[in-house]
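> Residue numbers (numbering that gives the first Met the number 0), protein chains in the order written: chain A, 0 to 257; chain B, 0 to 533; chain C, 0 to 263; chain D, 0 to 295.
Treat the hints with care, as some may be off.
Derived SDA-like pairs: lysine to any residue, alpha-carbon spacing no greater than 20 Å straight-line [what the hints assert, rightly or not]:
| no. | chain 1 | residue 1 | chain 2 | residue 2 |
| --- | --- | --- | --- | --- |
| 1 | C | K153 | C | L96 |
| 2 | B | K214 | D | A211 |
| 3 | D | K63 | B | I362 |
| 4 | A | K116 | D | K63 |
| 5 | D | K16 | C | L95 |
| 6 | D | K182 | C | Y253 |
| 7 | B | K78 | B | G96 |
Chain A is nowhere near these chain D residues, computed Cβ spacing over 10 Å in every case [claimed, not checked]:
| no. | residue |
| --- | --- |
| 8 | V14 |
| 9 | A27 |
| 10 | P195 |
| 11 | V197 |
| 12 | A199 |
| 13 | W255 |
Rather than coming from a laboratory, the hints here were simulated on the basis of the structure. Ideal placement from N, C-alpha and C gives every residue a C-beta, glycine not left out.
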Amino acid sequence: MNLTERLLWADISADYPEKPDVLKSVRLSMRAGEILGLIGQSGSGKSTVALAIPRLLELRGGTVRGAIRFCGRDLMSASSGELRHLRGNQIAMVLQSPMAALNPALRLDTQLREVWKAHRREPWTEGRELARALLAHMGLPSDKAFLRSFPRQLSVGQAQRVVITMAVLHRPKLLIADEPTSALDPITASEIIELLRSLNREFGTAILYISHDLETVANLCHAVAVIREGRLVEYGPVEHEFGHTPEPLRLANALLQA
Amino acid sequence: MRSAALFFLVALNAAGSGPQWGGELRFCIRSQPRSLHPALADSESAETFRYLTGGVLIRVNRVTQEIEPELAASWNVSKDGRSIVFHLRTGVCFSDGTPFSADDVAYTMQVLMDPNLHSPAGDSFRSGSAPIQTIVRDKSTVEIRFPEPIAGALRLFDQVAILSRNSPLHEAAVLGPFRLAELKAGSYLQLTRNPNYWKTDGVRRLPYLDAVRLKIQQNRELELLRFERGELDLLSGMDAEQFARIVSRGKAWFRDAGPALEGEILWFNLNPSAPLPDYEKRWFASRNFRRAISHAIRREDLCRVIYEGHAQAGVGPFSAANRFWFNQKLKPHAFDLRRAQELLAADGFRKEGGTLRDSAGHIVEFSVITNSGNRARERAAAMIQQDLAALGIRLNVVTLDFPALVQRITGTFRYETCLLGLVNVDLDPNGQMNVWLSSGAHHPWNPNQTSPATTWEAEIDRLMRAQAANMDPGRRKTLFDRVQEIVWEEAPVLYLLNMNALVAASPALHNLAPAVLRPQLVWNVDRLYLEGRP
Amino acid sequence: MRKAAVILLAAVFALSLLADFVAPYSYATQFRDAPNGAASRSHPLGTDALGRDRFSRLLYGARVSLLLAPSAALVSVVLALVIALLAASSGWCERLLLAAADLFLSLPWIFLLLAARALLPLNAPSLAAALVSFGLLGALGWAGPSRVMLAALKQHLGSDFVLLARASGCRGTRLALVHLAPNLIPLVSAQFLIAIPAYLLAEANLGLLGLGVPEPLPSWGSLLRELESVPAMITHPWVLAPAVILILVVACLYWAVSADKHNV
Amino acid sequence: MNAHSRLCPRWLASVGKRLAWFAAVLLAGGILGGALVRMAPGFGIDERVLDARLTNNSVAELSKVPAEGSNLAIYYWHYLGGLLRGDLGNSISLGRPVRALLAERLGVSLRSLAAGLAMAWVLAFSVALLLEIHRRALWDRALSLAAGVLLCIPAALLALGCLQLGGSPALALAAILFPRFFKYVHSLARNAASAPHVFAAYAFGERGVRIAGLHVVAPALPELLALAGVSVSLAVGATIPVEALCDSPGVGQLVWQAALARDLPVIVNVTLLVTAVTAAANLAADVGRTLREVGS
């Protein structure tokens, strides 16, 4: 197999101080522009995978073992400075609860500026234009008043769009979306899914989509991985998974009994 | 002159070439003087300040304890002891240049005797009801007339700093070696040389030192620390622990100058109106009981354990430091447990199962109050507690803060016995009239009596009045010796010990002649000099 | 770690209780031939300025301190609880409590302590005198815990289970006894436990200022007065023993309490 | 935005009410402080009566209870009248205007207070923040332990220790205050830093220092305001014993001496001052809390 064409190749084991072996050699591989769905029950280790890839797990007190290669670079041996440059720039994340992910004390403008300043030397005026365009693309108002508002003045759906805007501001190669719709009502959720699909289509962003919602995964993803108690139990393209057998049922089975 | 001879000797003792001019002497005083007015000096720190800045007519030499001329070149005391004529030095000026004359002495006496001022120095002149007269004979002669003869009045002028009648600076114009330059509240008093000080070393005007800085420092530990760091030049009134530390370091000059006038005493509350049970009053009223307590106290242990030997067992109101007035025939009450038990048995006390009971069966238990915060005193109380336990007496130690203690001993009389320090400013027994007369406010065990409660107090009253009216020192000594004997015999106050004057100084300081009288190290401040410090 | 703390506390407590058997001498016996003695076989921690055995004094002192601090803590917590309950009963009372708490933190209470001591009979046993002043100290310490308890009470009063109780027609006193009291117990006990080391420290501070337990009765605070001179510390390191024990015990108490809080 | 405009008048009303309470507490503080001094044993006693040189007349004169103490209510009424004119009365034991005494010493106290507070704050703050940025478990434990041990040392002992090391009262204050601040700031920083938005900021690759400033400190500002208020009153309370122990010529030492001399006017003034600071600190804490509630 040619490793260079891979965007991400990982073999991850992870531990928490009081809970060792949360992940037991979970192997994932993603191509550029691919959407991979990661499915599992609560507590199966899905979120740990999401945190382990950009090496953020250490911030939550965990440790990662194994190998993570991203665009040919070894993330396990990368310095903290290199990792910082990667995060938000090449690998971005969208977290579960959009309200909590925004700083309650800062205006949206400031928060977007901070994300811009993290990786660019250009003045924020330039970044602001880009951000406004993106906000408009997300279906949000992009006027000054909106930028001057505080997170508490947004709805949850708006907040998630802002978070996604922040995540794609630097056109990352990989977007890790950890249950981005679980806090949303069904209508908003489907809007967000559409948004992710359009990002994938227009910017070629690869997405690691983590969820326990089978239908969405089947709908959105090119490939799917199923994780249970820290082990990978199923892994393959969606065509394969859903092509031959009565689709969602088989997957659900895999989830429940494996 | 005798003083000059003494200074000459001291100067010979000092190493090195000759005295150096200039430099700043630094030492600590305990508190900021309540008032800098010389007539109102009421604490050791205020008196030190007055000593350094004030000019006096006569000075009691702190080493020889003799009277020496200062601003008064000579004087005559009339035969009847009612008048003193001072012949003043001429050509002397106050620090601001105002000339000094007999008018200033008259003015000083007038201020001092102001009945509303309540000056301690002024009060010690007050013997009768009639006022003191000051008569200016001419510019350099002044006569002081007393309504009735008071022996030892001359010595009192050692505490009278002369004020200027005419100077616009009022009491800030001084005649002493230094004048106040700056006062930083709670922090220090900065003194600089008085440019017009009248004494010379033969050529130049004294003092040798340019300045004195009096740091206000209550904490003795800090004072010691500063001394060790070289921020201070001298220490006096140290306790034994601090002295041992200085000695062990071996870097500073130090001396145990021998027993000072200060001492520790314990007295019984003999006030008949005190709110105490009658049987307790009967114990304290019994001479046998008081003497028994005294004989049960191991004074030697107190001196050895608490003061590491730098103290002497107490005998009476004056220690041996007071060369003239101390009664040489008296010895401290000896530790003698058997004698104590006999004395108690004579009064019907008996020991039952380790506790002493009086003839009516009351358990003998009483308290001693003392001020909190004085470690040596608290230790002494604890030691006496153990000593009395040998007689079966239970002594409770109660420490109170000072105002509460004073209230009990002067106002409410709600105490049984009291352990306190004794400070003597004056060497003459006349300074203690208020202590020994039964009508005195300072009669410790039973103040302000309308008529003497006991025959021995009546006898003390008679003796004290007789010695005060007599002008013959030898006769006065005989009378006061008898007072000391009565107090020794009756033991209303137990004299426990007298502390030694422990002093230390920087090796750079010369001409030191430590005295046991205050101010112990700086009494000859105009002759002190510092070597090798500009 | 927590176990170690508890074991140490238990050991100190047991030793202080058994002081009569463990201590080689009485706390007041003066060996006047050996004042300021070095540590030796007969005096494991040396002797103090009066020749009293420091080890024995440390043991008896522990007993005094470990009696005084919890009694003061108990007084303060009980008082705080009563005041907090009163304050929770009406808004007016609550404002009064908060104002009083502000006041209590700034008044010169030292005078009250002095007055209390002056009112005691002169021949009152020294332990009784100390108990009275520490009881008073505890009574003055209600303000802090009371604020905490009031906050918790208000939270409980606004909670669903109280609403439910009210909805089922529960009366005020019943509400307080049946529904609120059990919820307050862990809080009150935590406040009590946290107050003990605080009063141990208060006793030490008072002792260092010379306002503590009267002589010759030892307490940790009065033993600390030996530390007023540094050279003693350098040449006689064993004078540090009371300070070390005090700090250890306070640390263990804090440790045990904070670990306890985590468990709750 | 809407919420703000509705809050304003209510805010004003509550501020007015609070100020009224503040004044009432202050007045009560003065009279209670005065009553405590008046009741204390030894009130009206002048130590000078022990001077054996004084005549019976002088002793009797000095033993009179000072006019201030004869009727506390009247004294207090006159005092309040004087206070409005800026006259703080005269010290009994020092015989000088309290205003002059305070003016002489306030500078020293404020300097040590400010220096001690600043030292404690800066140290507590920077240590807590550095621990949050670097997250080394060992360091965390070591520093928490050190601060914990400091917390277990009696304050008077700390002051004595600083004194022996030749330290200033400021150093002693810092040593007393630091562990208390650190404990609070550390847990505050811990909570603030574990907030999801901080995590998100890390995920966006923002720099550690900027995260600390904008995402950790900024949201905690109301709490820090509350802590600042409490810390000032804590520091003021600690200054009196520290200055008394360190023999520093500040207000604390003055109060200590005044307490020993039962100096009613000095004590009443300082009680008022301390009450004002304490009440203001609690007010600040309340405002901080309100801000946080409005904020979230």
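> Hint by hint, which ones does the structure fall short of?
2, 3, 4, 7, 10, 11 and 12
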